[in-house]
Every structure is written in structure tokens, then in C-alpha cells.
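Can you make the complete structure from the sequences, with help from the hints?
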Amino acid sequence: MGEIFCPMCGKSNPAESEVCQFCQARLVPLVFSPAESEPPEAIPEEMPSSIDAAPTGESDWLLGLRSDEPIPSEESLADVEAGGLEDGNLPSDETHISADDVPDWLARLPGESPQEAEAEPLSDWLKEETGETEQPPSKPVEVSDWLSHPLPDEGQVESSESESELAPGEFPSWLEAIRPVKDEPQTVSARGTPERIESAGPLAGLSGVLPAEPDHVRPRKSPTYPLELRVSANQRIHADLLQGLIESEGRAQPLPQRRGISSQHVLRWTIACVLWGALLWSVITGKQEAPLPAYTEETAEVNRLISQLPGEARVLLAFDYEPGLSAEMDAAATAVVDHLMLRGAYLTLVSTSPTGPILAERFIMKTQSSHHYTSGVNYVNLGYIPGGAMGLLSFVENPQRTLPYTLDTVAAWESEAHAGLPALQGVQHLNDFELLMVIVDDPDLARAWVEQVQPQLNEPDTLTSLVMVTSAQVEPVMRPYFEANPRQVHGFVFGLRGGAAYAQLTGRGELPRVYWGPYGFGLVVAALLILIGGLVLSSVSLLARPPQVKGEANQ
Amino acid sequence: MKATFYVAIAMAIGLIVLLGYFLHLDLLANLRVVLLEWAVILSAVALLVGTANLFYVHWRKFTTTQPNGFYSAVLIISFVITLGVVGWFGPTHAYSMWIFNNIQVPIEGSLMALLTVLLAFAGVGLFRRKPNLMSIIFIGTAVLILFATGPLFGINLPGISELRAWIAQVPAVAGARGILLGVALGTIATGLRVLMGADRPYGG
Numbered sequence: 001m002g003e004i005f006c007p008m009c010g011k012s013n014p015a016e017s018e019v020c021q022f023c024q025a026r027l028v029p030l031v032f033s034p035a036e037s038e039p040p041e042a043i044p045e046e047m048p049s050s051i052d053a054a055p056t057g058e059s060d061w062l063l064g065l066r067s068d069e070p071i072p073s074e075e076s077l078a079d080v081e082a083g084g085l086e087d088g089n090l091p092s093d094e095t096h097i098s099a100d101d102v103p104d105w106l107a108r109l110p111g112e113s114p115q116e117a118e119a120e121p122l123s124d125w126l127k128e129e130t131g132e133t134e135q136p137p138s139k140p141v142e143v144s145d146w147l148s149h150p151l152p153d154e155g156q157v158e159s160s161e162s163e164s165e166l167a168p169g170e171f172p173s174w175l176e177a178i179r180p181v182k183d184e185p186q187t188v189s190a191r192g193t194p195e196r197i198e199s200a201g202p203l204a205g206l207s208g209v210l211p212a213e214p215d216h217v218r219p220r221k222s223p224t225y226p227l228e229l230r231v232s233a234n235q236r237i238h239a240d241l242l243q244g245l246i247e248s249e250g251r252a253q254p255l256p257q258r259r260g261i262s263s264q265h266v267l268r269w270t271i272a273c274v275l276w277g278a279l280l281w282s283v284i285t286g287k288q289e290a291p292l293p294a295y296t297e298e299t300a301e302v303n304r305l306i307s308q309l310p311g312e313a314r315v316l317l318a319f320d321y322e323p324g325l326s327a328e329m330d331a332a333a334t335a336v337v338d339h340l341m342l343r344g345a346y347l348t349l350v351s352t353s354p355t356g357p358i359l360a361e362r363f364i365m366k367t368q369s370s371h372h373y374t375s376g377v378n379y380v381n382l383g384y385i386p387g388g389a390m391g392l393l394s395f396v397e398n399p400q401r402t403l404p405y406t407l408d409t410v411a412a413w414e415s416e417a418h419a420g421l422p423a424l425q426g427v428q429h430l431n432d433f434e435l436l437m438v439i440v441d442d443p444d445l446a447r448a449w450v451e452q453v454q455p456q457l458n459e460p461d462t463l464t465s466l467v468m469v470t471s472a473q474v475e476p477v478m479r480p481y482f483e484a485n486p487r488q489v490h491g492f493v494f495g496l497r498g499g500a501a502y503a504q505l506t507g508r509g510e511l512p513r514v515y516w517g518p519y520g521f522g523l524v525v526a527a528l529l530i531l532i533g534g535l536v537l538s539s540v541s542l543l544a545r546p547p548q549v550k551g552e553a554n555q
Numbered sequence: 001m002k003a004t005f006y007v008a009i010a011m012a013i014g015l016i017v018l019l020g021y022f023l024h025l026d027l028l029a030n031l032r033v034v035l036l037e038w039a040v041i042l043s044a045v046a047l048l049v050g051t052a053n054l055f056y057v058h059w060r061k062f063t064t065t066q067p068n069g070f071y072s073a074v075l076i077i078s079f080v081i082t083l084g085v086v087g088w089f090g091p092t093h094a095y096s097m098w099i100f101n102n103i104q105v106p107i108e109g110s111l112m113a114l115l116t117v118l119l120a121f122a123g124v125g126l127f128r129r130k131p132n133l134m135s136i137i138f139i140g141t142a143v144l145i146l147f148a149t150g151p152l153f154g155i156n157l158p159g160i161s162e163l164r165a166w167i168a169q170v171p172a173v174a175g176a177r178g179i180l181l182g183v184a185l186g187t188i189a190t191g192l193r194v195l196m197g198a199d200r201p202y203g204g
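Chains as they are written, first to last, in our numbering: chain A, 1 to 555; chain B, 1 to 204.
Hint data in this document are derived by calculation from the structure and do not stem from the laboratory. Hints should not be assumed to be uniformly reliable.
Looking from chain A toward chain B, a few residues come up when the C-beta cut is under 10 Å (computed) [unchecked claim]:
| hint | residue |
| --- | --- |
| 1 | A290 |
| 2 | S326 |
| 3 | E361 |
| 4 | R362 |
| 5 | G388 |
| 6 | L407 |
| 7 | V477 |
| 8 | P480 |
| 9 | Y481 |
| 10 | E483 |
| 11 | G517 |
| 12 | G520 |
| 13 | G522 |
| 14 | G533 |
| 15 | S538 |
| 16 | V540 |
Per label pair, the in silico range of CB-to-CB distance [stated by the list, open to error]:
| hint | chain 1 | residue 1 | chain 2 | residue 2 | range |
| --- | --- | --- | --- | --- | --- |
| 17 | A | S541 | B | M11 | 56 to 62 Å |
| 18 | B | L27 | A | Q428 | 19 to 25 Å |
| 19 | A | F22 | B | A8 | 39 to 45 Å |
Even for Gly, the Cβ is constructed at its ideal location relative to N, Cα and C.
Structural data, given as C-alpha cells:
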């Protein structure tokens, strides 16, 4: 079954469809068809009566314009005017329509037959048409001029066809212009291409007219292009190279063959062995005991603040470092926390790191076991504060709601229903702590603590101090806060050096004393390695370069 | 429409929290506390989701027998054991502390020790790779700080402690102050851009 595609919406329609089922666009070009034309309702007066007579040489298209129906004669028209419909009769025999020709809709109309007309009264509108209504006599009907002009009857028309001596009618200018040019040669456009001559419709015969439906919207089979590209040899080489590159992306490249022992391997192992050897020798022999460093101003300030704490002071202790740096941080904080415990301070432990709470427990058990601090009595571990700086701010704003329970899921804070743990009795806000101490290894975390906590401590009548125990890398970041006026950090201890200095101050703290000697020995060995190794390697490298490279380097 | 809704929420919440700093009104303070609590809860949930996603990724890698799936199996086994022990006995129980003290702390400490060796190796190779003035200054400063930080076998070199203190308190602090000022200005600019809807880190 054939199908045709709509030029407008592109959808498929049956081949016999004239309009698209979807968008109602016309599928078949509109061509004038004599069979579909209706009889002319009127003939202009100027039209010669012999128009039906085809003159010699008249083409078919013009004949098609003629009505197939016979033109009513003057008498029949007069009968119509005289109310021929009053009787229900049709005007004449020539215009009589047989019962077979009557369409259904017309057959159903009342009054079609005389019997039915008698049986059923005429409707009002029909009475008006037929003049049965009792209306005042209307004015005489004025017949137009063209209608009053006598028309030839059928016999006359037939006779006129046979009269060859009749002169052909004169066509008006507009009709003359659209006469077919069947016999005329094909015109040529200005571009030299033959112009299209319309073959159908009212514009049939005209050349150079714009088509009703442009060619580009007419459905046609898409052209077929050859699949094989024409490439040159050079292009082929480039394409193969690109293809190889793309394919190699997904392929695992074999690792280059390792040489047995390279100079880099030797150097790396040498450095590692020297460092390990130095530290092991120092730890095993214990001969690297060195005097503890002198304390500095910021360390002394921490010592002073702790020494001034009242008995059973409430201290908030934050453990914000990672397990990887626990050796340094434990050594730095041991002497300071030991001092706090000596003062009998109640400790509240928090952390903004997920591993911080366990590190805090480990620190208490490992380094401060001599104080016999008990969880829930002497100290309370409130656990992890999620949310980073936001969580820290929330804790500063409302510590009871941010961390309501201990690490052992015990209600920590004092309330009406609960007395609260001893470490938190009398504590409602952050300002109720006598001291805030943050043990931190990261500069950003240290900055977050200072920036979030310090505004709370600036309120009047606040005696809470903020001190820090940091790794050595945080020292440059903390010092501006310490040197500010007023101080935003009231004191800090940095690294193993600071912890050892604090141990020097208090005379306690075993861990920094143990670490201090091997630590210094390892630092010196590392410095010598870098210095001597760098000088030797750079000298060897300079000597091993060819003279040409040396000249380029100088340039 | 959605984007406008997101921007409106972000701006409103940001303004409420910001105004809470400056205006001491009970309404603003209460709203601020509630919003911060929501943020804390969401952060905690995000941590749980991240942990579950980690487990799922490695589980899929293990079950589909991808390369290095053995390491995923090790992670899954460690994850399940740790979760079981800590969840059953509690985070401060002796078993939980044993896992932490004898597995996690040594592993992370070993990584830091490796970093020490690699830094020393990089310092040795720096002169050979880039023998220029900046390398000399860099290595010279590092060596000086290393010498002056430790006890140096009990030898007290005159002036070295003062030089170390000057480096740590003047050039280093100057750089740190510059960084802090830059961070502060950047934070203000970023906050204003988020408040005005120019930056939309929340999407939309």
C-alpha cells in the first residue's frame, strides 16, 4: 500500500489522501478540475451568449470552465419569478430532477412530493418563501439587467455551434493573458535556465510563475552518498596515527624494565638507613640526653594562667589532631596537661576530628595514668563535634544542645532532672569554663578555634582564657594572635620544643624529656644529610655534564 | 523557579546567621541556634553517608573481581571488624582501644616517618635538579632551622638560637599574617557573593 509524506509535518499518510491527517496540509497540489466545479450562478451581461460554442482552436481547459449544466432559459427563469414554486412544481422539463438524482438530504425535506405537501403544512419560512403568508403584497421584483437579457435556449446554442461563420468571441484582456501557450516555445530565464510552465490550475500555461508548493518541501527520496571517503595518502597516514593514539589510551602500557639497582635507589636507602641508625642508636643507648630548651614568653604565659587557676577549675580541652602526629602532639601537651591535673582541674574533652575522642582517651590513659583520672568523675569526654567550623560555632553558642551526651551515652550536663557530671556542674555556657585549651596540629583548625571562640570570650566579666598547644608548623600562624592587642590567644606551646620548655618550667613531664635527645640528634643528622648530600650531588652533576650543556646553562 | 527558591533559602539563612552576630535579639539568636543545629546534624549524616558509600564502592569492586580487588577485601574486612567491635563494646573499651593503638596509630605514624625520609631525599636532590639562588636560600633556611630547633649535641652555637627565633617570628610570621589577611578578605568576599546569590555552591 502506497503512502505519501506530508511536506509540512513529515508524517505518513495514505496515498489517496488529499490532505494530511495530522496537520490538514494539502498533499495533492490544488488543480482545477471541471468535474468538481459548480455551475455558474450568473453569466455577466458582457459575456457573449455563444460562449458555450467552442470556437475553433479553443483549448480543453477553457471548455472545462464551462458548466455541464444547461443554462436555464429565460422562460424557466420567468416561471421562477412568477412563483412557480407555489405549486411545488419544478420549473421545466429540462431542469426536472429525477428521483434517483435527488440526494438523500433533499429527499427528506417536507413538501418534496405533492402528497407530502398536502399532508404536512408548510413551515413558516417556507410559507414566506412561497408567499402563503398573509403579508402585504410586496413590491414588484426588480430583475437585473443581465437577467432580463434574453438568453438563447438550448436549441439556439446547438444551432450556433454549427454555424461556423460566426466570429469568435473577443476575450477580455485578463483572460487573453492567461491563455495557454501550448504551442509557444519554452521561455528562458535571465540565468539561462528554462523557465517552468504551469501545467494545471488557473495559471496553466503561464511561464515563470512561482509554484504553489516549493520544490524543497515536496517529499522525495533522500540522495544516496557513497560511503567511502576519498582521502589522500597523507590523510590516511594521519588518520591511522590518530586511530592508534585513541586505541592506545585504553590499553595498559607495559611498565619499563627496572634496572636492578639505580643511583636513586642507593641514595634513598642510604638516607633512610642513616636516619634510622641515628635514631635507633640514640634510643637504645640513651646517651643523647640534652639540656631542655629555655622557655619563651608564650610558654611562660601558659604556665602562669594554669598556675592561677582555682582549685577544681573547669577546663575545656580540645583534642584536634590526627593519629599520625600524635607522637609530637602528645610530647608537646604532656607537661601542660600534667600541670592542669596537678591543679585538680576538671576536664571536659571535645574534638572536631572523628578520631579526636579516642585520641583523648588514649592520651589520658597513656601519659596521665599517674593522676588516676576517671571518666565521668574527673573528666568527661563529650566526643566529636561534626560540621567543622559550623559545628564549632554551634558548640560555642550552645554547648548543651550540640553535645548533650558523653562518649558513653550518659547525659552530661546539669539539668532539672539530672544533676550532671562533676566536670560540668555549674557550666551552662562556654564562659563558665575557667580555661579553654586546644591541642591542634593543623593551622586551619587552630584558626577556626580562635575565630569562633574568641568573640564569646570578649564579653565583659569574662575571665576565661584561651591557650593553645600546637605542632611546630602552626607556630607562625598562632603568633599573630598572641601578639595582638588585646591578645586573642593568651599563650601557646608549640611542638616538642615548646613541650620540653614547659617541662623545664614545671620540672615534670617525662615524655618530652625522653624524646628531646633523640629528636635533636635526628634533626642534626637530617640537616647534615641534606647539606652534605646536596653539595656532593650537585658537584658530581656539574662535573658529569658535557661542556656543551655547561655552556647552555651559563647562557 | 527551583534556582530562585534555592537562592532565596540560602540568602535568608545566611542573613539570619549573619545578623545574629550584630543584633542581640532573642528571635535572631534562637533562629541562629536552630539553623546551626541543623547544619551539625546534616554534617553528621553526611559523614555516615560517606562511610556507607566507601563501603559500597569497595564491595562492588570486590564482588566484580576488578583489579586490586584484594585491597578492597582487606578494607571491607577491617571495616566490618572495627564496626562490630566498637559498636558492640563501645568506643572506649579495651578492645576498641587496642585496635586504635596497635593498628591505626602505628600506620599513620609510619606514613609520617616515610614522609621524613622522602623530604630528606628531596632536599638532597634539590641542588642537583635546580642549582639556583632560590634553592640555596630554601635549603639554607631549612638546615638552619633544623640545627637550631634541636639541642645540637648540647653545643650552644652563639647567635643560632636568636637567628632561628628571628626567622620564625619575622619572615615566617609576616608570611602567616599575609595569609591570614588574604583568607579573611577571601572569606568576606565569598560570604558576600553567596549572600547575594552570585556564588551558588549549593547548586541551582
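Which numbered hints does this structure break? none
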